[in-house]
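Trainee: Make the full structure from the sequences, and use the hints.
Residue numbers (my numbering), protein chains in the order written: chain A, 1 to 561; chain B, 562 to 868; chain C, 869 to 1200.
Incorrect hints may have been included.
To be verified - For each label pair, taking beta carbons as the anchor points, the in silico distance ranges come out as:
no., chain 1, residue 1, chain 2, residue 2, range
1, B, Trp718, A, Gly76, 33 to 41 Å
2, B, Arg777, C, Pro895, 28 to 36 Å
3, C, Asp1076, B, Ala667, 50 to 58 Å
4, B, Gln700, C, Asp1076, 54 to 62 Å
5, B, Ala667, A, Arg233, 32 to 40 Å
6, B, Gly616, A, Gly76, 43 to 51 Å
7, B, Asn636, A, Thr247, 18 to 26 Å
8, A, Thr247, C, Asn1023, 41 to 49 Å
9, B, Glu623, C, Asn1023, 55 to 63 Å
10, A, Arg233, B, Ala627, 36 to 44 Å
11, B, Arg777, C, Asp1076, 53 to 61 Å
12, A, Leu448, B, Pro649, 35 to 43 Å
13, A, Lys326, B, Phe626, 34 to 42 Å
Keep in mind that the hints were calculated from the coordinates and are not lab data. Beta carbons are placed, not taken as given, at the ideal position from N, Cα and C, and that holds for glycine.
Here are the chains, one letter per residue:
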Amino acid sequence: MATKAGFAKKSVSAVITFVMAFAVLTAFNTSASANTAVAGAKCTNLKEQEYVNNTVLICKATKKGKRVWKKYFKGGSGKTVTIGIGSLPPSLEAYAASAPPRSFIVGAIYSALTRVDLSTGTPIVKPNVADSWSQEGNSKTWVFNLIQGKTFPNGEPVNATAVKASLEWVLNPANRAGLRAKISEITRIEVMSEYKVKITTSAPRYLLPRALGTVPILPPKEFAAKGAAAFWRAPVGTGPFVATSFTPNVELVLEPNPSSLRVVPAATKIVFKVIPEDASRMSGLRSGGLDVVNKVPTDDIASLRRSFAVNSIIEPATYHMSIMAKSGPLADKRVRQALNFAVDKQALIDRVNSGLGSIAQAQLVPSNLTGYCREVTAYPYDMKKANDLMKQAGVSNLKLTFQTSTAYITNDVLMAQAIAQMIERLDAVDKVEVEVLEFSKFLDVYYLRGAIPRKDLFAWRMSSSPDLDAGVQMARYTTNYSTHNIGHSDPRYDELIAKASSLSTRSPARTRAFCEAGKILKENAPILWGIHTPDIWAGKKATKRFFIDAGGNIDLVSIGN
Amino acid sequence: MLRVLGSRALQLILVVLGISTLLFFLVRVSGDPALAVAGSEATTEDIEIIRESLGLNRSIFEQYFAFLIKLATLNFGDSYIYLQPSMPLILEALPSTLYLSFVAFALAMLVAIPAGIFAAVKRRNASGRFILSMSMLGQSIPPFIIGIFMILVFSVWLQWLPSFGNEQPTSIIMPAIALSAVLMARHTRLVRAYFIEEMNRGYVRTGKSLGFNNRRIRFKHILRNISVPMLSLIGIDLGKFVGGAVIIEAVFAWPGIGSLMVNAVKARDYPMLEAGVFTVAVMVVLVNLIVDLLYQFVDPRLRAKVN
Amino acid sequence: MNLAEQKVDTVVSIKNLDVVFNTASGPLQAIHTTNWSVAPGETFVILGESGAGKSVSVHAVSGLLPSTARITGSIEFEGNEILGADQESLRKLRAEKIGVIFQDPLTSLDPCFKVGAQIAEIFQVHRGMSKDEAWNQAVSLLDSVQIPDPERRANQFPHQLSGGQRQRVMIAMAIALEPKLLIADEPTTALDASVQVAVLELIQRLRDQRDMAVVLITHNIGVAAAIADRIAIMYAGRIVETGTAQEVLRSPKHPYTQALLSSMPRIGASKAELLTTISGTPPSLATIPSGCAFHPRCTRAIEKCKTDVPRLEPTKQSVNHIFSCHNPAEGA
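Mentor: Structure representation (structure tokens):
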């Protein structure tokens, strides 16, 4: 009797378990398939992320080589994660800039229309405030269908009105929003219905959904009532986190946001500690006070690797030097080419950056952005050619000045010194003097504004945020460009850039025009191309899902202890 | 005494006004804050808009007049980068800096005075020479190095003390020692030098001839006499101390006004710079005022002049 | 019996005293086999140029020589040998029985304390008095050294007093514990001429009142003449002539004494004035000439003076008038 009852019970529970498992699997499948309407939802790119039903899915390869979505963690299981960081944005302003660290802080607190997933290395635009989007007939208008039934933490609805108010605020020049330049082509924002917005641009803009991924949507009533400055001090957003405490230069505490639109983060708390001194930050990791640190000096990598996880990505930015070519020997393009041949980029990577980084091709964007041209490659290291070119140009006893920032770009001063030495090896060059500029002076020189003029060589970093394409960067080398006039002027180049800008992003003619312009740029060499510098983070091995994406953003949603 | 205080207060106002004015013009010749505010992706038009909204397109005299009003009302306006009123930011961070400075200073004095006296009395012995050479060493090692070294030993290796922040009660230990080291070493040497000098003074000989024991002569008479030159040095050292505090705050991620000021300089954040320098100037002038008053108390020769 | 007699006769008596300083460049002998003594109520003046060793010989008694000094010979205080006695009892003895006045009263007083407090400190330390008691005692002591308005002066700091007043304060401190011996090391040198006389008179008056022995060091013959009962002339670490004031000043026997007296400066004469009257400069301790140390400057020097140190011998007139010279002038 007892055994029979036991058996019955067992079989009932077995059935229930089976049914439940089936139900869960089905639910899983439906949610995944519901998402296939959205770009990139099929699991093809390794490391790609999806936010589904408050969970993070990550694309992984099975043993058989098939790629499947795997649930990566349970929300709230990750305890507290403490991150030592060299600097934090001075405020929680959402519309200031789109480079890290601001990009991942803003992304943690706020939600934009889309989310640009950079975990695979190539930008993939994902739903966020918008569920889906499409380009309308004349290709100047986009329609965004918004997520439904969600509210901001203060109760205001996440709807078309909020989208319109937020974008219009950014577009108003009086508000000085740093991100205005990214969406300045928007001419009109129309509320079609509660959850539908139509956005019109002055010219066809195929990258609009990508650009909008960096512009958060805010609760319009509270924002208007408080005013921007007060709102940034106590921001209200629908990102995965709420900033529960923020002391500029000291600390930022993030905790899960109950009003998060799409995902519950793994960690119950993320604490950013600002530790500007590199050595102190590394000690904080070694002593156990910190779980993760950023901006690891290249010297520390070897020793850290023994007991910590080191995560390095190649920054989506190019370290290069502009060549002031308005007059003198540098006005001769052969001299500028000779300089390009004289710099051994691989040596910069190996000797200065501990083998991290990659050679920059002789163009202005990294390979994952539109406008990148496969045909334009880096100048090879060739001293003979360099010396020959100098001889042809009839240059001798050249003295050059090399301006560099300090503590702004990874190993900037060391790289400047190394490059100066390489150039000095040329027969025609007597001396390359390195001039180190502190940050504000560096900005003056960059904008050609201050008391210090831009000298022969000026090293800087051209960063390419994921929403940009080559057009923005290449425009800087058109004749008399306002903030970057270094004497490069080529009518054919200007013409090609103008032509490319007027074409659709998807048009092959546009890519071809960029390629042609790129070739001219390489030939004219107003730039001494360098490398893509590394961005290095380190973390405890026990810290789970410690991951840095191609944009230099740490994955705050999945990290946990 | 009241008249003295009155004239001192006037001096204080003049000094602070002078320093602030100097700073006002210095930062304005140093470059354009609009560039720092704008960031690297802004266009020339954006920069112009920023200049206008910050009032930087007005004439320097208009700007100075506006600055004087700010100074009078102690409201220096919103920080360009923190987007918050600058003075409260400074005042919020100030106690932490003062706490660190005070502990470090007290520590320096508590060690330097006995060590200096010991080194003076035992100047011919190995122990006295050891203290002297330690103090030379302490003075020649930059506080930054001392800080990093202590972190490596006590945080990374022994794991006794936290390496950053100010949340735990033990957090103060390493920053205070690192900050005090230079002052401690310097003042050990000074106490020693002054002490040796004073040991040859007539009143010491008188004390001996009167049969006073060494302890009485050293701690009652000599110490009192060396406190006069020591005090004046403290006023001078204070400026250096503020500089040292900025470095130590960076090394230990100690949340004080140091990092605020460093970033303000980098970004040419005028309101922050003005509020910060104003506050530091007031602090330094106040401490010097206190030192002056103490000076008169300690040195009767000065008191007589004032009265 | 002899011992008891001595106690009455001499307060301090030094015999065959040698003082050698250990310096980095080797030992330097500051005092050579020196003898002198002083009786209660007597003023003994040691006269000589600076560097002659005047101060060294008296501070061997007061205990104020630096620790590098090696003292040999004998120092008897009230009949008891004090050389080699333990430090603590010596410190007490010196505090109680020996008072010292220095040349510069400004630096000899602590600038940071009121003069009243500095005097009172003596009573507090050595007599165990309360602060108030000691203060009252200090005020009456100031009165006894003829400082007008002593209540007010006691409340002042050294820099607020005149030079003469400061020296009176020093004297008050020196006699506070009613010492048997008062050592006055150039007590008037830093003072104005008019004040010098008053200070010397005060010392004399106190000596008489308290029956103290006074040892006064000076380079000034006028001062010596004004106050001395007996005089010793020192040159290069040795006494070259000694006797009563009258003997030494009226009929000097040693060529050095004679040379000194021929200048006969007034009270208040400067050092420079004295030095110009003798050719050459006094030797430093490191380069004391052989034989009679005075021979390079002496007009009567003979060969023997260069090699042999002359012995102190009494004059024909008096057994107490002693001098050392190989070739004294006529009548010696």
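Trainee: Each hint should be assessed against the structure and marked as holding or not.
Mentor: Hint check:
1. A hinted range of 33 to 41 Å holds for the C-beta pair B:Trp718 and A:Gly76, which are about 35 Å apart.
2. A C-beta distance of roughly 33 Å is found between B:Arg777 and C:Pro895, which places it inside the suggested range of 28 to 36 Å.
3. Look at C:Asp1076 against B:Ala667: about 57 Å separates their beta carbons, and that is inside 50 to 58 Å.
4. Between B:Gln700 and C:Asp1076 the CB atoms are about 59 Å apart, so this pair conforms to the stated range of 54 to 62 Å.
5. The supplied range of 32 to 40 Å is met by B:Ala667 and A:Arg233, whose beta-carbon atoms lie about 36 Å from each other.
6. Distance hint for B:Gly616 and A:Gly76: a CB-CB separation of about 48 Å, consistent with the stated range 43 to 51 Å.
7. Taking the beta carbon of each, B:Asn636 and A:Thr247 are about 21 Å apart, inside 18 to 26 Å as hinted.
8. Between A:Thr247 and C:Asn1023 the CB atoms are about 56 Å apart, so this pair departs from the stated range of 41 to 49 Å.
9. For B:Glu623 and C:Asn1023, the Cβ-Cβ distance of about 59 Å falls inside the hinted range of 55 to 63 Å, so the restraint holds.
10. Between A:Arg233 and B:Ala627 the C-beta distance comes to about 24 Å, which lies outside the given range of 36 to 44 Å.
11. In this structure the hint that B:Arg777 and C:Asp1076 lie 53 to 61 Å apart at CB is violated, the actual value being about 33 Å.
12. Take A:Leu448 and B:Pro649: their Cβ atoms lie about 37 Å apart, and the range 35 to 43 Å holds.
13. A:Lys326 and B:Phe626 have their C-beta atoms about 40 Å apart, which keeps the hinted 34 to 42 Å range intact.
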